[in-house]
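K.L.:
Sequence:
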Amino acid sequence: MIEHIEQEIQELLAQVGVQGKIELSRPPKAEMGDFAYACFAPAKEAGKNPVEFASELAEKLQSEDEGLVADVKAFGPYVNFFLDPVLLAQKVFTALTSSYGAHQLGAEKTCLVEFACPNPMKAFHLGHLKNLISGESVARILENVGYAVKRINYQGDVGMHIAKTLWGLFDLKDQFEAMKDQPLKKQVEFLGEAYAHGARYFEKGDAEKAEVVAYNQKVYEKDESIQDVYTVARNWSLEYFDHMYKRMDSGFDRLYFESEVFTRGKELVQEGLKEGTFKESDGAVIFEGSAHDLHDRVFLNSKGFTTYEAKELGLAEMHVQEFHPDKVVHLVGKEQSEYFKVLFKAIDIVFPELQGKEVHLPGGFLQLKGDQKMSSRTGNVVTGDQLIDAVTDRISQIMSDNDIVQDGILETVSLAALKYTMLKSGVSKDVAFDIEESVSVSGNSGPYLLYTVARINSILDKGNFSADTPVDIKSVHPAEKALLLLISEYPSRTKEAGEQMDPSIVAQYMFDLAQQFQRFYAACSVLQDDVNIQQFRLHLISSVKQVMVHGLNLLGITSVEHM
RNA sequence: GCUCCUGUAGUUCAAUGGAUAGAACACCAGCCUUCUAAGCUGGCUAUGUAGGUUCGAUUCCUACCAGGGGUACCA
Numbered sequence: 001m002i003e004h005i006e007q008e009i010q011e012l013l014a015q016v017g018v019q020g021k022i023e024l025s026r027p028p029k030a031e032m033g034d035f036a037y038a039c040f041a042p043a044k045e046a047g048k049n050p051v052e053f054a055s056e057l058a059e060k061l062q063s064e065d066e067g068l069v070a071d072v073k074a075f076g077p078y079v080n081f082f083l084d085p086v087l088l089a090q091k092v093f094t095a096l097t098s099s100y101g102a103h104q105l106g107a108e109k110t111c112l113v114e115f116a117c118p119n120p121m122k123a124f125h126l127g128h129l130k131n132l133i134s135g136e137s138v139a140r141i142l143e144n145v146g147y148a149v150k151r152i153n154y155q156g157d158v159g160m161h162i163a164k165t166l167w168g169l170f171d172l173k174d175q176f177e178a179m180k181d182q183p184l185k186k187q188v189e190f191l192g193e194a195y196a197h198g199a200r201y202f203e204k205g206d207a208e209k210a211e212v213v214a215y216n217q218k219v220y221e222k223d224e225s226i227q228d229v230y231t232v233a234r235n236w237s238l239e240y241f242d243h244m245y246k247r248m249d250s251g252f253d254r255l256y257f258e259s260e261v262f263t264r265g266k267e268l269v270q271e272g273l274k275e276g277t278f279k280e281s282d283g284a285v286i287f288e289g290s291a292h293d294l295h296d297r298v299f300l301n302s303k304g305f306t307t308y309e310a311k312e313l314g315l316a317e318m319h320v321q322e323f324h325p326d327k328v329v330h331l332v333g334k335e336q337s338e339y340f341k342v343l344f345k346a347i348d349i350v351f352p353e354l355q356g357k358e359v360h361l362p363g364g365f366l367q368l369k370g371d372q373k374m375s376s377r378t379g380n381v382v383t384g385d386q387l388i389d390a391v392t393d394r395i396s397q398i399m400s401d402n403d404i405v406q407d408g409i410l411e412t413v414s415l416a417a418l419k420y421t422m423l424k425s426g427v428s429k430d431v432a433f434d435i436e437e438s439v440s441v442s443g444n445s446g447p448y449l450l451y452t453v454a455r456i457n458s459i460l461d462k463g464n465f466s467a468d469t470p471v472d473i474k475s476v477h478p479a480e481k482a483l484l485l486l487i488s489e490y491p492s493r494t495k496e497a498g499e500q501m502d503p504s505i506v507a508q509y510m511f512d513l514a515q516q517f518q519r520f521y522a523a524c525s526v527l528q529d530d531v532n533i534q535q536f537r538l539h540l541i542s543s544v545k546q547v548m549v550h551g552l553n554l555l556g557i558t559s560v561e562h563m
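Residue numbers (my numbering): 1 to 563.
If you're looking for bench data, these hints aren't it; they were derived computationally from the structure.
Treat the numbers as computed from the prediction; the structure is a model and nothing was measured.
Just so it is clear, CB atoms sit at the ideal spot from N, CA and C, and this is done for glycine as well.
Among the clues, some could well be false.
Unchecked claim - Simulated crosslink set (DSS-like; lysine-lysine; CA at most 25 Å straight-line): (1) Lys21 with Lys44; (2) Lys150 with Lys327; (3) Lys481 with Lys462; (4) Lys345 with Lys150; (5) Lys173 with Lys222; (6) Lys218 with Lys204; (7) Lys186 with Lys246; (8) Lys327 with Lys345; (9) Lys429 with Lys357; (10) Lys357 with Lys327; (11) Lys209 with Lys173; (12) Lys357 with Lys150; (13) Lys73 with Lys48; (14) Lys357 with Lys341; (15) Lys29 with Lys60.
Claimed, not checked - Label pairs and their calculated CB-CB ranges: (16) Gln62 with Phe40: 19 to 25 Å; (17) Ser442 with Asp71: 36 to 42 Å; (18) Ser63 with Lys109: 44 to 50 Å; (19) Lys429 with Asn532: 44 to 50 Å; (20) Gly76 with Asp326: 43 to 49 Å; (21) Glu275 with Ser98: 50 to 56 Å; (22) Asp461 with Glu45: 54 to 60 Å.
Produce the entire structure from the sequences given, and follow the hints as far as they go.
P.N.:
Shown next, in the form of structure tokens:
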């Protein structure tokens, strides 16, 4: 939308002889105009001072005035353009179809988005929650630019964490049996305790360590003696995770497990060893990343067990067989950046059809403020549920002061607060967390966005608006013009978000739009005597609402009618 | 040691190489007989250090300082 507006200005500039690619920017203040052309480069080429060049250019453009551009003025070395607000309004309203903000960049392409990835039998903690929220938003943003998105979730149901939990469960067998009648939440908490119990035991000494490792062996070999306990505990975990996904309005098309890929992973490495893709080194099988300016990594350890690397090879093969993806996005912690570089290089060689399609989207750390260190090993974790509960408590306090109370609002507003806090600052950014305070509920926050929509709804409920009414006004308020320009920017922002797979671009835009609406709300009365102005403003705010709801949906946030 | 990432108001975050470095929280002062005060308006405070490239650097380059990650059988 905004690119069409820019195009008109660029054509205007070309008409008066400006050559080459014309870059436009936005002036810092609305009083200085709506678009700006910086004259540094062309002035240099013409051998003139940029300030003189700008004023001469502005003068030439003055006589060309027509259409959308109502006025042209030079400000120092810049030529600034003022748009005709009424024509702008008509243009914006016409463009606002139901597909406004959507794109076709990924049309006919399948994109896998791998996220959440909690480990069965361990806690679903804050980090998983952030990853789940980010991943769901990235998936929606990619769908919005046209990709056929498949949400996938790769989970470690074998390995040492499972062994530790199993050891703990067998050691606490009576408690485990008693848990079978308890609610799911208790069962999962108990699994966390069992894990911490096993992890502590593991670190006592070599004999204890060996005892736990024996369980690992049994898991890989699918030993009969552990199957009952293993299956029950795994199911508790998965059922619980599923409940979390639903609560957060997310879900997956395919759950992958390490247990289904490790055998094939080992075969692939052994085949690759024969072909020279992998090498033996100190009894282990490695991929020589060092030959590609990276570092070497072990794919099969000296005991012949698959490491995570080899399992991912098996996983990649399943991706190809099941989905034939054009793009595979792994939303995983940024501490694994170097690991992924090596892995992708190996995948490139083993599966040439995946070359250049694997992407690591590094997730930031989520750490607690102060000395509260989070460690699932010591059992000192903040779970996703605890955080959601803490947020809900705070929102309900605010709501108790409010007259308007509706069922279901508390959960929706709480999730909006939580999701927006996680999304507004970029997937890769670390988030420092104070569980009681860090989820903001005022200012630049999720509830602020919902409140904006609620205010719009409140006006729309009272006004009689018909979208067919033509725009019949002489001038607009600066706050109205600012809203129109922001609305026109929306599609370019969703496109950028899709290209960069970055929800924070959408989140920041949402806040700008909401804030601009609130300023408009304070400055302009919608329901007023002048019918033409009233119709225009109703049209304007319903446009704002359309964009707000669309953008909130990209963030995975459900809007509310009233609050 | 090598390598990757990050250093912006008291705090959390913005800013395709461009105009007076923007917001939010906190703090201070105002605004509800007018469409929802979870709001609006005003005030306060910032680019780690030293060089370089450029008409112009928060942005690019070099060195240093500080914090974090990775660096073979964990993920």
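K.L.:
Against the structure shown, which of the earlier numbered hints fail to hold, in ascending order?
P.N.:
No numbers; nothing is violated.
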